[in-house]
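J.: If you read the sequences in order, they're chains A and B. Residue numbers for the first sequence follow the numbering used here, so the first one is 5 and each next one is one higher. Residue numbers for the second sequence follow the numbering used here, so the first one is 14 and each next one is one higher.
Capping the alpha-carbon separation at 20 Å, the derived lysine to any residue pairs in SDA-like fashion look like this: (1) Lys227/A with Thr181/B; (2) Lys187/B with Arg173/B; (3) Lys228/B with Glu242/B; (4) Lys227/A with Gly251/A; (5) Lys227/A with Ala176/B; (6) Lys227/A with Leu140/B; (7) Lys187/B with Ser210/B; (8) Lys187/B with Asp230/A; (9) Lys227/A with Pro138/B; (10) Lys227/A with Arg136/B; (11) Lys227/A with Arg132/B; (12) Lys227/A with Ser178/B; (13) Lys228/B with Asn216/B; (14) Lys187/B with Arg136/B; (15) Lys228/B with Gln251/B; (16) Lys227/A with Glu145/B; (17) Lys228/B with Arg167/B; (18) Lys227/A with Glu141/B; (19) Lys228/B with Asp240/B; (20) Lys227/A with Pro135/B; (21) Lys227/A with Val133/B; (22) Lys187/B with Arg167/B; (23) Lys227/A with Val137/B; (24) Lys187/B with Arg254/A; (25) Lys227/A with Leu131/B; (26) Lys227/A with Pro179/A; (27) Lys187/B with Arg160/B; (28) Lys227/A with Thr180/B; (29) Lys227/A with Trp175/B; (30) Lys228/B with Pro199/B; (31) Lys187/B with Pro171/B; (32) Lys228/B with Val69/B; (33) Lys227/A with Leu177/B.
It is worth saying that the hints were derived from the structure and are not from the lab.
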Amino acid sequence: MTVYSAHLKNWYNPDLTIPPYPLNLAMSPNSAMTMTLQPLLQVDSLTKTYGDLVACDRISLNLYPAQVLGIIGESGSGKSTLLRAIAGQVPLDHGHLTYRDRAGQWLDLRTLPEPQRRRLMRTEWGFVQQNPRDGLRMGVTAGANIGERLLDVGDRHYGHIRTEAAQWLSQVEIPTQRMDDLPSTFSGGMQQRLQLARILVTRPQLVLMDEPTGGLDVSVQAKLLDLIRSLVRTLRLSVVLVTHDIGVVRLLAHQLLVMQQGQVVESGLTDQVLDDPQHPYTQQLVSATLVP
Amino acid sequence: MTTLSHPQSVPLSATDPPVLLQAEALHKSFVLHNQGGVRLPVLAGVSLSVRAGECVALVGESGSGKSTLMRSLYGNYRIDRGSIWVRHQDTWVDLPQLLPHELMAVRQHTLGYVSQFLRVIPRVPALEVAAEPLLERGVEPEEAADRIRALFLRLNLPERLWALSPTTFSGGEKQRVNIARAFAVPYPMMLLDEPTSALDATNRAVVMALIEERKAQGCAMVGIFHDEEVRDRVCTRQLTTIAP
Chain A
5 MTVYSAHLKN WYNPDLTIPP YPLNLAMSPN SAMTMTLQPL LQVDSLTKTY GDLVACDRIS
65 LNLYPAQVLG IIGESGSGKS TLLRAIAGQV PLDHGHLTYR DRAGQWLDLR TLPEPQRRRL
125 MRTEWGFVQQ NPRDGLRMGV TAGANIGERL LDVGDRHYGH IRTEAAQWLS QVEIPTQRMD
185 DLPSTFSGGM QQRLQLARIL VTRPQLVLMD EPTGGLDVSV QAKLLDLIRS LVRTLRLSVV
245 LVTHDIGVVR LLAHQLLVMQ QGQVVESGLT DQVLDDPQHP YTQQLVSATL VP
Chain B
14 MTTLSHPQSV PLSATDPPVL LQAEALHKSF VLHNQGGVRL PVLAGVSLSV RAGECVALVG
74 ESGSGKSTLM RSLYGNYRID RGSIWVRHQD TWVDLPQLLP HELMAVRQHT LGYVSQFLRV
134 IPRVPALEVA AEPLLERGVE PEEAADRIRA LFLRLNLPER LWALSPTTFS GGEKQRVNIA
194 RAFAVPYPMM LLDEPTSALD ATNRAVVMAL IEERKAQGCA MVGIFHDEEV RDRVCTRQLT
254 TIAP
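Work the whole structure out from these sequences, hints included.
T.: This is the structure in structure tokens:
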């Protein structure tokens with residue numbers, strides 16, 4: 005066996021050491037895998053109840069850098085509660101939430117002092133609401149919406165803020181001459197893109213999205229999906245995306261959690277879950293989808 | 014129950030190229046929960062090993078498990094039992110045991126797949142669709158675009174289509190986008206699901222040449238080819254699936 009692998013070393017790729025044939029001998033399962041990718045966010049046994057109702061029942065997930073995690077399920081499945089719990093908008097009953105910040109420090113989000121947590125939400129995190137009216141300040145201009153997060157982190161240089169605002173408007177494909185217009189004069193798709201610009205200006209690592217394409221026409225949806233997809237790659241964003249739309253997760257999410265009645269009933273790579281659904285609920289969900 | 018014949022066990026000799034992929038005793042059945050819980054066994058103890066520079070054709074009647082085997086080898090279908098060892102970078106990994114993000118890395122760097130289907134966001138141009146795997150590997154956008162343009166030219170995809178979304182393309186045009194997408198990346202292993210089904214003779218010849226080049230570079234390939242001419246030319250051996 006030694007002789008065999010020794011000669012193989014020189015064939016094809018000298019750096020490879022081929023294990024003896026047959027292969028099932030000394031291979032400890034994947035332990036030597038050189039993938040040391042660390043998660044950005046870890047959710048461990050997250051539980052949230054409302055009285056007798058268990059909205060989230062021991063949910064665990066890992067989110068990795070530059071990846072999109074889709075959470076799919078019908079209304080009442082607990083997917084939005086999970087997203088809000090991750091965002092710190094609803095208190096947890098049990099479980100752990102840990103996040104690796106830009107400095108590489110692991111933060112326990114449940115014990116993080118409130119001022120620090122709020123600062124994190126305004127800098128390294130972003131939340132995209134389904135209804136842009138909930139995520140934007142409708143009474144101030146588009147430019148001011150984008151500038152707000154910069155002001156929050158202490159930027160007082162008006163010229164700089166305007167330059168940044170213009171840059172992010174064009175990143176999300178809004179003409180910069182619309183900078184001084186109110187968001188209410190924008191179409192739904194533009195408002196949704198303005199929400200993105202407003203968040204991206206502080207270069208977040210993590211963006212939470214609640215049905216971001218929910219209220220949009222199909223043609224506008226495509227543009228937003230494409231934009232989110234390219235932003236994920238170019239800005240290395242990690243995204244948790246809640247939706248009930250299988251088409252959206254198919255195109256956007258690397259990984260998928262399927263929720264039903266507060267529990268994760270199935271998870272895996274998006275193509276695995278959608279092409280080979282195992283749980284009765286997922287099978288029902290997939291077979292009920294019209295594929296054009 | 015479907016069984017697949019084990020590949021002709023070629024005796025090992027000192028000159029054989031290395032095994033890059035080895036599937037052992039794969040079992041896969043589908044349980045249809047919404048149709049009375051019917052259980053459909055498709056793979057029962059299938060094994061296959063592929064060496065560098067080989068192209069193994071999966072042949073057999075439709076419904077005999079060729080596609081299921083292909084999709085299982087990609088980790089798209091989750092097998093019930095068995096192992097799929099893949100040479101990934103400098104280590105061996107067993108696909109069914111990988112965490113999702115690990116499987117993503119294997120697909121990004123090691124295991125390419127030419128699918129029959131092209132799923133894209135409606136407004137993204139063909140050039141970008143095809144360049145995506147390169148960009149995800151960190152190739153600079155200009156270099157990625159150059160590589161795709163070269164492949165599009167070679168595959169005779171009319172230049173006026175490059176900036177258009179493939180959603181409106183014909184079957185053969187979409188197929189060439191898929192082929193460029195996969196062949197732009199130097200994967201050491203590739204799975205080909207009917208890569209020439211919608212192509213004319215000229216482009217079929219181009220794809221055969223691409224496959225031959227990859228084999229010569231030591232790529233291990235597994236494919237389903239309904240076109241016998243293509244199969245006979247590019248495949249080094251066959252794995253026959255036996256209908257139930």
